[in-house]
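Trainee: Heads up: the sequence lines are chains G, S, E and Z, in that order.
Start counting the first sequence at 72; every next residue gets the next number (our numbering).
Start counting the second sequence at 72; every next residue gets the next number (our numbering).
Start counting the third sequence at 72; every next residue gets the next number (our numbering).
Start counting the fourth sequence at 72; every next residue gets the next number (our numbering).
Think of the hints as simulated: they come from the structure by calculation, not from any bench.
Among the clues, some could well be false.
Where chain E lies over chain Z, by a calculated footprint (3+ residues, C-beta under 8 Å) [what the hints assert, rightly or not]:
id: 1; segment: 95-108
id: 2; segment: 114-128
id: 3; segment: 254-263
id: 4; segment: 275-282
id: 5; segment: 310-322
id: 6; segment: 325-336
id: 7; segment: 359-365
Positions of the beta carbon are idealized from the N, C-alpha and C atoms, including for glycine.
There are 4 protein chains.
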Amino acid sequence: MTTVGFIGLGAMGAPMAWNLDDAGFDLVVYNRTTDREQPFAEAGVSVADSPKHLTKRADVVCCIVSDGDAVAELLERDLGVLEGVDQDTTVVQMSTIGYAETMAAADLVTEAGGRFVDAPVSGTVGPAEDGTLVGLAGGETEVVEDVRPILDAMCEPVVHCGEVGQGTNMKLFVNLLLGDAMAAFAEALVFGRASGLDVETMRTVVSNGALDCPLFDSKGGTIADGDFAPRFPVDYQFKDLSLALDRAGEVGAPLSQTAAARESFSAARARGHGGEDMAAVIQPMEETAGVEAREE
Amino acid sequence: MTTVGFIGLGAMGAPMAWNLDDAGFDLVVYNRTTDREQPFAEAGVSVADSPKHLTKRADVVCCIVSDGDAVAELLERDLGVLEGVDQDTTVVQMSTIGYAETMAAADLVTEAGGRFVDAPVSGTVGPAEDGTLVGLAGGETEVVEDVRPILDAMCEPVVHCGEVGQGTNMKLFVNLLLGDAMAAFAEALVFGRASGLDVETMRTVVSNGALDCPLFDSKGGTIADGDFAPRFPVDYQFKDLSLALDRAGEVGAPLSQTAAARESFSAARARGHGGEDMAAVIQPMEETAGVEAREE
Amino acid sequence: MTTVGFIGLGAMGAPMAWNLDDAGFDLVVYNRTTDREQPFAEAGVSVADSPKHLTKRADVVCCIVSDGDAVAELLERDLGVLEGVDQDTTVVQMSTIGYAETMAAADLVTEAGGRFVDAPVSGTVGPAEDGTLVGLAGGETEVVEDVRPILDAMCEPVVHCGEVGQGTNMKLFVNLLLGDAMAAFAEALVFGRASGLDVETMRTVVSNGALDCPLFDSKGGTIADGDFAPRFPVDYQFKDLSLALDRAGEVGAPLSQTAAARESFSAARARGHGGEDMAAVIQPMEETAGVEAREE
Amino acid sequence: MTTVGFIGLGAMGAPMAWNLDDAGFDLVVYNRTTDREQPFAEAGVSVADSPKHLTKRADVVCCIVSDGDAVAELLERDLGVLEGVDQDTTVVQMSTIGYAETMAAADLVTEAGGRFVDAPVSGTVGPAEDGTLVGLAGGETEVVEDVRPILDAMCEPVVHCGEVGQGTNMKLFVNLLLGDAMAAFAEALVFGRASGLDVETMRTVVSNGALDCPLFDSKGGTIADGDFAPRFPVDYQFKDLSLALDRAGEVGAPLSQTAAARESFSAARARGHGGEDMAAVIQPMEETAGVEAREE
Numbered sequence: 072m073t074t075v076g077f078i079g080l081g082a083m084g085a086p087m088a089w090n091l092d093d094a095g096f097d098l099v100v101y102n103r104t105t106d107r108e109q110p111f112a113e114a115g116v117s118v119a120d121s122p123k124h125l126t127k128r129a130d131v132v133c134c135i136v137s138d139g140d141a142v143a144e145l146l147e148r149d150l151g152v153l154e155g156v157d158q159d160t161t162v163v164q165m166s167t168i169g170y171a172e173t174m175a176a177a178d179l180v181t182e183a184g185g186r187f188v189d190a191p192v193s194g195t196v197g198p199a200e201d202g203t204l205v206g207l208a209g210g211e212t213e214v215v216e217d218v219r220p221i222l223d224a225m226c227e228p229v230v231h232c233g234e235v236g237q238g239t240n241m242k243l244f245v246n247l248l249l250g251d252a253m254a255a256f257a258e259a260l261v262f263g264r265a266s267g268l269d270v271e272t273m274r275t276v277v278s279n280g281a282l283d284c285p286l287f288d289s290k291g292g293t294i295a296d297g298d299f300a301p302r303f304p305v306d307y308q309f310k311d312l313s314l315a316l317d318r319a320g321e322v323g324a325p326l327s328q329t330a331a332a333r334e335s336f337s338a339a340r341a342r343g344h345g346g347e348d349m350a351a352v353i354q355p356m357e358e359t360a361g362v363e364a365r366e367e
Numbered sequence: 072m073t074t075v076g077f078i079g080l081g082a083m084g085a086p087m088a089w090n091l092d093d094a095g096f097d098l099v100v101y102n103r104t105t106d107r108e109q110p111f112a113e114a115g116v117s118v119a120d121s122p123k124h125l126t127k128r129a130d131v132v133c134c135i136v137s138d139g140d141a142v143a144e145l146l147e148r149d150l151g152v153l154e155g156v157d158q159d160t161t162v163v164q165m166s167t168i169g170y171a172e173t174m175a176a177a178d179l180v181t182e183a184g185g186r187f188v189d190a191p192v193s194g195t196v197g198p199a200e201d202g203t204l205v206g207l208a209g210g211e212t213e214v215v216e217d218v219r220p221i222l223d224a225m226c227e228p229v230v231h232c233g234e235v236g237q238g239t240n241m242k243l244f245v246n247l248l249l250g251d252a253m254a255a256f257a258e259a260l261v262f263g264r265a266s267g268l269d270v271e272t273m274r275t276v277v278s279n280g281a282l283d284c285p286l287f288d289s290k291g292g293t294i295a296d297g298d299f300a301p302r303f304p305v306d307y308q309f310k311d312l313s314l315a316l317d318r319a320g321e322v323g324a325p326l327s328q329t330a331a332a333r334e335s336f337s338a339a340r341a342r343g344h345g346g347e348d349m350a351a352v353i354q355p356m357e358e359t360a361g362v363e364a365r366e367e
Numbered sequence: 072m073t074t075v076g077f078i079g080l081g082a083m084g085a086p087m088a089w090n091l092d093d094a095g096f097d098l099v100v101y102n103r104t105t106d107r108e109q110p111f112a113e114a115g116v117s118v119a120d121s122p123k124h125l126t127k128r129a130d131v132v133c134c135i136v137s138d139g140d141a142v143a144e145l146l147e148r149d150l151g152v153l154e155g156v157d158q159d160t161t162v163v164q165m166s167t168i169g170y171a172e173t174m175a176a177a178d179l180v181t182e183a184g185g186r187f188v189d190a191p192v193s194g195t196v197g198p199a200e201d202g203t204l205v206g207l208a209g210g211e212t213e214v215v216e217d218v219r220p221i222l223d224a225m226c227e228p229v230v231h232c233g234e235v236g237q238g239t240n241m242k243l244f245v246n247l248l249l250g251d252a253m254a255a256f257a258e259a260l261v262f263g264r265a266s267g268l269d270v271e272t273m274r275t276v277v278s279n280g281a282l283d284c285p286l287f288d289s290k291g292g293t294i295a296d297g298d299f300a301p302r303f304p305v306d307y308q309f310k311d312l313s314l315a316l317d318r319a320g321e322v323g324a325p326l327s328q329t330a331a332a333r334e335s336f337s338a339a340r341a342r343g344h345g346g347e348d349m350a351a352v353i354q355p356m357e358e359t360a361g362v363e364a365r366e367e
Numbered sequence: 072m073t074t075v076g077f078i079g080l081g082a083m084g085a086p087m088a089w090n091l092d093d094a095g096f097d098l099v100v101y102n103r104t105t106d107r108e109q110p111f112a113e114a115g116v117s118v119a120d121s122p123k124h125l126t127k128r129a130d131v132v133c134c135i136v137s138d139g140d141a142v143a144e145l146l147e148r149d150l151g152v153l154e155g156v157d158q159d160t161t162v163v164q165m166s167t168i169g170y171a172e173t174m175a176a177a178d179l180v181t182e183a184g185g186r187f188v189d190a191p192v193s194g195t196v197g198p199a200e201d202g203t204l205v206g207l208a209g210g211e212t213e214v215v216e217d218v219r220p221i222l223d224a225m226c227e228p229v230v231h232c233g234e235v236g237q238g239t240n241m242k243l244f245v246n247l248l249l250g251d252a253m254a255a256f257a258e259a260l261v262f263g264r265a266s267g268l269d270v271e272t273m274r275t276v277v278s279n280g281a282l283d284c285p286l287f288d289s290k291g292g293t294i295a296d297g298d299f300a301p302r303f304p305v306d307y308q309f310k311d312l313s314l315a316l317d318r319a320g321e322v323g324a325p326l327s328q329t330a331a332a333r334e335s336f337s338a339a340r341a342r343g344h345g346g347e348d349m350a351a352v353i354q355p356m357e358e359t360a361g362v363e364a365r366e367e
């Protein structure tokens, strides 16, 4: 049976790991802070002392951590995933990081003799729990097929996006579109409110048109409720738009609207909403326009 | 029985007028050029010599023409709708025009003794034919209720957005969001293509995510096919974003992302794509980035 | 001797008219409100009852009023400049208005038998008093040369920019650049302050570099002093950027950065700074970033 | 006598090093490729085998290289500046790199026992030859004063901008403003050309107004001549705007206009103008608008 190592038991990682456990994989987990490992230990899941030990034991090592620095640290320095890698190891990098960071990680793993797939996921905590994240896999077809049963335990669908790095590019594509759409929706709502329209009526109209989609439905609702509890926080959306713009600069795709969206999220961070849900991008816009989209 | 006058038998207006005819209203039509009136005459529908005569005959006068100047011309000058207005006339202005233009038209009609509803519609030719346009009505509740059976013949749903002018504001809200979303989708696709992603795979991912919506589904398809036959042309989207930004300036809602989107549509016009579908906003972006989203 | 009519005795117009008087022209003035005419009457300058009477008396009619609507009202309706125009009249339109508005005014004057020059001026109250405004003249060479002595009394230099309309386009060009530069300077200062730099040191560096110019020198000083008394108010700069973007849309010049600048001025208006100096564009940026560029 | 080490003999570095030599300092130089060292060797200047050896010999080590990676490589890895650093060494980092990169370099030097000043310079090759670069120094007052004679040999003025890192922030401030102003000037010229104005006339008007400055004077001239030989290339300006936006994101200063400017430079890169002068930012704008600012 395949032994799967899972590093990073955060809000996303924990339910993903549970899904691997439920699917019957021989699971070994690791988290930087031990409190997040506790429930797994209590349920009889193996807990590794270090990423290096985890890697030595596992056939496939999945990791989902906060950013590119955290991935680099996992692989190199004290954390030593690389020291544990051998020719039977496949590393599945699931964090949302930059393209250059992905390729650097892939090179390190490959040089250490292992195989590499980048497979960031699209979706929030709900889909993570339900196993319905969209898995965005980049890697050689054979390698992606080998790890597909593992990805299938966490994701539905799993989309093979191309060679190594293309999973990451697809994730940047998705979150670029998500960020642009969220900030555009916020601008539209503020325009409407400043013009005297009612949020509920605007929502009705959107839901009857060509832009009827889960994002506008859910964010319209939480904005109307004044509920900015984080599903996907402003800080993360800002990070992802920054990564996408970095990459766009490298590949020669000027993105003026995306650049404007990034600055809108930057404003939300500057006004103290970085930890709130991405829908909080509307808040500085409301302040400036002197309106509120919150329902009475 | 209510006599309905209908002015403007263009791509949208003609099917809307047919729906009024099908619904059994006593219909009288007018178009600036007679060729568009011909099929109605042949089907036994009354054709008026002038907007003034049409207005004299009708209880309710609907008009859907190209822009605010055309509406002003209809009401004043030679075309003389106003001369035909009396206390039993209700004018239903369905063209997409600016807020100030709407209010000016409303004032003229009201001063002439008539009643006024602004009821622009959201949707393209297909929904116009099917009677499933989204009707966005602004006016006093009593007046909107009086004309609702007429709107119902052309629209489903009919949304009462508020007092006079709010139908127009809602239309600007909808098309602002539409334009922003279209241009953002174009940026995302160009980013993806420049990064090595395949359009079909990007479409699959979008259709599995929080932005799954008719717009991205249909425009993704036509872009992949290189089909820019106009459903809603770049020129109209540019006009509507310009109107929205004018209005936003008046009500104090700064819209940096919408402003960027307008310039993207301006680029498409400058490159000769003004008469093509709004999805052609992608074409100058592709030229600059040196990529194509068209499927092989 | 040439009789010069001057309409519009505002902050700019009054000193311009005094300069005409000082230059020895036979002057007749008009202002919508009589209080602004009083000092001229007291100094023995003729005051006309109406624009129509002024035009009948004058060989050359200069006007500088608030916007395109005010110009249209002067020419048509009750104010009747056009009724006073004959084949010996030259109208010199000096207000900053849109290109389409300029051409419409030119057409009206020409149809009434008169000659037309558009000659908006660049500069603020100081240069208006000193007669050192930059005069931006559009019209046939012969006509511009005929009125040049009059312009020379108010301006130095007078630049002939091309045929009718090009004075207006040049004014839009100048104020587009001015607005963009002002908002960019504000962004740079806020960036610097947020990064821990001192305004006075930033000013020293700018004054030693390739961007050493009167605008940054003076606005840097007033910003450091927290002095936002209007030389050229935010509202006017916003209007001029809006006119430039309208015109840019017509001629097919997409201007993404100018579009962003317009929204920055829109934010300043929305936050109540519309009547303050254009440098107040920095204030919403400071609020968002939580910094102040004001010196202690 | 102070021994000065100078690393990086590129287009900027070489004349700066000659100025140190002319000022009578005991100079030792190093360049990654030996051809750039040759003229110095021929003139009797010491040439070091490696950055490490240079650092061992020198009291003050100046470096000006291409980017943050090059600086990191100089300090660490094979190049070994750090190995040569002792308590008598002061490193003066003059390259334009990011704030985080500067602070990382400062930490490394300080940990190795040395002292650190960041002193990027503003100006192009001409001022580098004339010794009139604007030196932007960040560091403790005592350390900056100690190296001021060295900076004075290359710069006039030398501006002490604050503690370590503030020289870098000031450089980002300057180049942010420069990039914004350049792209805004390009937009204005394209607007004017598309509106029928003549470049030479626009230049005359700018030179008579509040934005009369060396940048617009020189770039207006080279654009009119179609001369895009690089003084400061598009690629560098793009890099510096990217660094400034990164930093702005960290300190919470949303910069929508600067973000738009970055995308304009990105477009110039995408169209193959990355190695040309920053004024080439106008070229994709001209292509889109279908105009040319080049004089006949």
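Trainee: Decide, hint by hint, whether the structure agrees.
Mentor: Now the hints, each set against the structure:
1. 95-108: It is violated: at least three residues are needed, and the segment 95-108 of chain Z offers just 0 whose Cβ sits closer than 8 Å to chain E.
2. 114-128: It is violated, with 0 qualifying residues against the three required.
3. 254-263: holds (count 8)
4. 275-282: holds (count 7)
5. 310-322: It holds: at least three residues are needed, and the segment 310-322 of chain Z offers 4 whose Cβ sits within less than 8 Å of chain E.
6. 325-336: Check passed, 10 qualifying residues.
7. 359-365: Since three or more residues must qualify, the claim that chain E covers the segment 359-365 of chain Z holds, with 4 doing so at under 8 Å.
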